[in-house]
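J.: Got chain A; can you put chain B on it based on the hints?
Residue numbers (the working numbering), protein chains in the order written: chain A, 1 to 113; chain B, 1 to 117.
Worth flagging that the hints you see were computed from the coordinates, not collected in a lab.
Beta carbons: idealized from backbone N, C-alpha and C, even for Gly.
Any given hint could be a false lead.
What the hints assert, rightly or not - Which residues of chain B face chain A? A partial, calculated answer using Cβ under 7 Å:
| # | residue |
| --- | --- |
| 1 | D56 |
| 2 | L60 |
| 3 | L91 |
Claimed, not checked - Here are the simulated DSSO-like pairs of lysine-lysine, each with C-alpha atoms no more than 30 Å apart in a straight line:
| # | chain 1 | residue 1 | chain 2 | residue 2 |
| --- | --- | --- | --- | --- |
| 4 | A | K105 | B | K15 |
| 5 | A | K105 | B | K71 |
| 6 | B | K78 | A | K2 |
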Amino acid sequence: QKEVEQDPGPLSVPEGAIVSLNCTYSNSAFQYFMWYRQYSRKGPELLMYTYSSGNKEDGRFTAQVDKSSKYISLFIRDSQPSDSATYLCAMSASGGSNYKLTFGKGTLLTVNP
Amino acid sequence: EAGVAQSPRYKIIEKRQSVAFWCNPISGHATLYWYQQILGQGPKLLIQFQNNGVVDDSQLPKDRFSAERLKGVDSTLKIQPAKLEDSAVYLCASSLRGGEGDGTEAFFGQGTRLTVV
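Just chain A, with the same shape it has in the complex (with noise of 0.2 Å):
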């Protein structure tokens, strides 16, 4: 089993759509829980970022973290085609001097005008 699991697989939805995107773990140390969007091409870019259990809203977006069910989502409200790119989630356990991020595969979403 993979430390980290991330589904769903390539999406494509309309503009104005609402978006899921869901990561599944297995390291019960995961404390740091990040989200980042990857265009074509480019280097990651952080979206969201988050500590413990919890929701946070950023505009559009919102990301969710259950500990107990060891499982992260990302919400995108109102989707744009600029919201096109693959959406990366990240995790790390530690504290301290060492910050390892641990990535899922990725979900490419297309966004469609």
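T.: Okay, now just chain B, sitting in the frame of chain A:
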């Protein structure tokens, strides 16, 4: 603020050749990471530096990969000899410091796309 700079952007080499990638992190960032991203997968950490010391290199194939960070600033990643399975994007990232609530955001460069033929 200037971002993480990487060069070259693209590289094509034959198997068994050697190659080197260069990274200049954001000024003042103590932590530097090299990730390997194979097509269709998420990035995998190869090595993490804190200033010029190695924090984690557990997933670095040390028989062929080496990395250094001189004077705690720029870093180079070398592959010698390259194999076909090394074809990937090599991403460099930096963060202000590692492991605390603030300053843990890792900023990524655009990557070097390596093709081994």
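J.: Which hints from the list above does the structure break, by number from lowest to highest?
T.: Hints 2, 5 contradicted; others consistent.
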